[in-house]
Amino acid sequence: MLEFYEPILDFSAPEYQNIMGMILFLRDPVNGEILRCVVEEMRERFPYFYVKATNRGDDLVTVPNELPMTVRNTWEPIRLHSEASNYHLAAWKYEGRRLAFEIHHALTDGTGVLPYIKSTMFLYLSKVTGQAFDPAGFCLPGDVIPESETGNPFSKLDVDSVKAPLYKKKPIPDFLRLTDAADNDKTVFFMKLSEAQIMKYCRDCDSTPNVLMSVMLAKAARRLDPENEKPITVFVCVNHKAMLGVYNNYRMFTDVALLDFPKERDLEDITKACTIARGQLMLQAQPENSLWEIKQMKRMLPPPSPDIALASICVSYVNSRNFGPLDPYIDELYVVTSLSKITDILCEVTCINHHFFLAFMQPYSSGEYFRCFLKELDSTGISYEFLRSEPLRMCGI
27 MLEFYEPILD
37 FSAPEYQNIM
47 GMILFLRDPV
57 NGEILRCVVE
67 EMRERFPYFY
77 VKATNRGDDL
87 VTVPNELPMT
97 VRNTWEPIRL
107 HSEASNYHLA
117 AWKYEGRRLA
127 FEIHHALTDG
137 TGVLPYIKST
147 MFLYLSKVTG
157 QAFDPAGFCL
167 PGDVIPESET
177 GNPFSKLDVD
187 SVKAPLYKKK
197 PIPDFLRLTD
207 AADNDKTVFF
217 MKLSEAQIMK
227 YCRDCDSTPN
237 VLMSVMLAKA
247 ARRLDPENEK
257 PITVFVCVNH
267 KAMLGVYNNY
277 RMFTDVALLD
287 FPKERDLEDI
297 TKACTIARGQ
307 LMLQAQPENS
317 LWEIKQMKRM
327 LPPPSPDIAL
337 ASICVSYVNS
347 RNFGPLDPYI
357 DELYVVTSLS
367 KITDILCEVT
377 CINHHFFLAF
387 MQPYSSGEYF
397 RCFLKELDST
407 GISYEFLRSE
417 PLRMCGI
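Using our numbering, read the sequence shown as starting at 27 and increasing by one per residue.
Hints are computed from structural coordinates only; laboratory data are not their basis. Computed from a predicted structure; not experimentally measured. Don't take every hint at face value.
Said to hold, decoys possible - Computed spacing ranges between beta-carbons, pair by pair: (1) 255 x 94: 53 to 63 Å; (2) 411 x 230: 16 to 26 Å; (3) 298 x 158: 47 to 57 Å.
What the hints assert, rightly or not - In the EDC-like style, the derived pairs of lysine to aspartate or glutamate whose C-alpha atoms are separated by at most 16 Å in a straight line are: (4) 321 x 29; (5) 212 x 416; (6) 324 x 281; (7) 195 x 314; (8) 195 x 281; (9) 401 x 411; (10) 189 x 319; (11) 196 x 281; (12) 78 x 92; (13) 153 x 67; (14) 195 x 29; (15) 321 x 186; (16) 298 x 286; (17) 218 x 319.
C-beta atoms are modelled at their ideal positions from N, C-alpha and C, and glycine is treated no differently.
Could you build the full structure based on these sequences and the hints that come with them?
What follows is the structure, encoded as structure tokens:
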């Protein structure tokens, strides 16, 4: 039987592809041949991403995949775990100045994939530019791979004796939906905001970037449908590893905290709205809550069905900050995720080069809700740069 910290590969379905990706825009067009060579070199340092799925008894497990990971000069999606991807559970693609790494979410999360992305870019930009970058902080071929990276990150914690947390917010069964049954064209909007301005706004309004975005997105939903009496619910992603002081394990240990915005709550007072939302988040994002969730994982309790809608909106903030000496060569950074039925709108937040970058994903093509979000930013004086929108095209599985 699988250990609780091993990838749960079978948590995928045609309606819930469970794929995540990271997109970078470089200063110069991508050199595909160098990228292919570098991707293969990185196998030595991150072998647990170069795997395929196979059966072991009643479990679906990962085993080494000796075939090359695909690196394609196209933005069109392919299927992972198929001949097109050499049966890998991850793949690279590039087009012009942009490149993307897409991977089965069961293998890792945003914070887990970030060291791989940064280190691959270290090798790639070293070869492309001829620069001798400082390797401190990167994970490179030849480095010793700590056992803790893919083992049990909580082995030193007494998880079994943990009691239920004092506070756990229950899901709201009937909330405001942001869907369009007649429009199934998944779309992603990309935008850029000043880190200095956002952080000043957070300080002035008793907020954090993920809380501020949650409030702005809730206000946009009210603007879109002002007569709707149902509460707006927002999931904020929580990294259980970080909550418990574990930072060097690259497995998937994320969950969500639930924020609610009932119709009667005044959202015009941004500071008050952020204070309430931050209070809700802090009550749920506590070590005791994370320990309890890890205990449930250890007991192998099944996760919620991906067919059940649980929130209006989900906000995830991968705290990337910078790529060190590579920053001058990278213009934009995004995280994208295949949409599911669990939440309607997904907003992924990253930060690099003193700017926040938002990937705003929705299960339909209309830009009406996104325009409401931009109007809410305008009303607060937060400046932004809308960069582009396009169909959300990611690998399936």
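* Asked: Within a Cα-Cα threshold of 16 Å, do residue 298 and residue 286 meet the stated pairing?
  -> With a Cα-Cα distance of about 14 Å, the restraint between residue 298 and residue 286 holds, given a limit of 16 Å.
* To do: Compare the distance between the alpha carbons of residue 78 and residue 92 with 16 Å, and conclude whether the hinted pair is satisfied.
  => 9 Å, holds
* Compare the distance between the alpha carbons of residue 195 and residue 281 with 16 Å, and conclude whether the hinted pair is satisfied. => Distance of about 13 Å is within 16 Å: holds.
* Can the restraint linking residue 189 and residue 319 be considered satisfied, given a maximum Cα separation of 16 Å? -> Roughly 11 Å separates the two Cα atoms, so the pair holds.
* To do: Verify the proposed pairing of residue 196 with residue 281, using a straight-line Cα cut of 16 Å.
  => 14 Å, holds
* To do: Quickly compare the C-alpha distance for residue 324 and residue 281 to 16 Å and report which way the hint goes.
  => 14 Å, holds
* Taking 16 Å as the top limit, are the C-alpha atoms of residue 212 and residue 416 close enough? -> Holds, because 9 Å separates the two Cα atoms, which is no more than 16 Å.
* Falls inside 16 to 26 Å, the C-beta gap from residue 411 to residue 230? -> With Cβ atoms ~22 Å apart, the hint holds.
* Return holds or violated for the Cβ distance of residue 298 and residue 158 against the range 47 to 57 Å. => Because 52 Å falls inside the window, the suggested range holds.
* Take the C-alpha atoms of residue 321 and residue 186, compute the straight-line distance between them, and say whether it is at most 16 Å. => 6 Å, holds
* Satisfaction of hint between residue 29 and residue 195, Cα-Cα up to 16 Å -> 28 Å, violated
* To do: With a cut-off of 16 Å on the C-alpha distance, tell me whether residue 153 and residue 67 pass.
  => 12 Å, holds
Hint check: violations occur at hints 14, 17; the rest are consistent with the structure.
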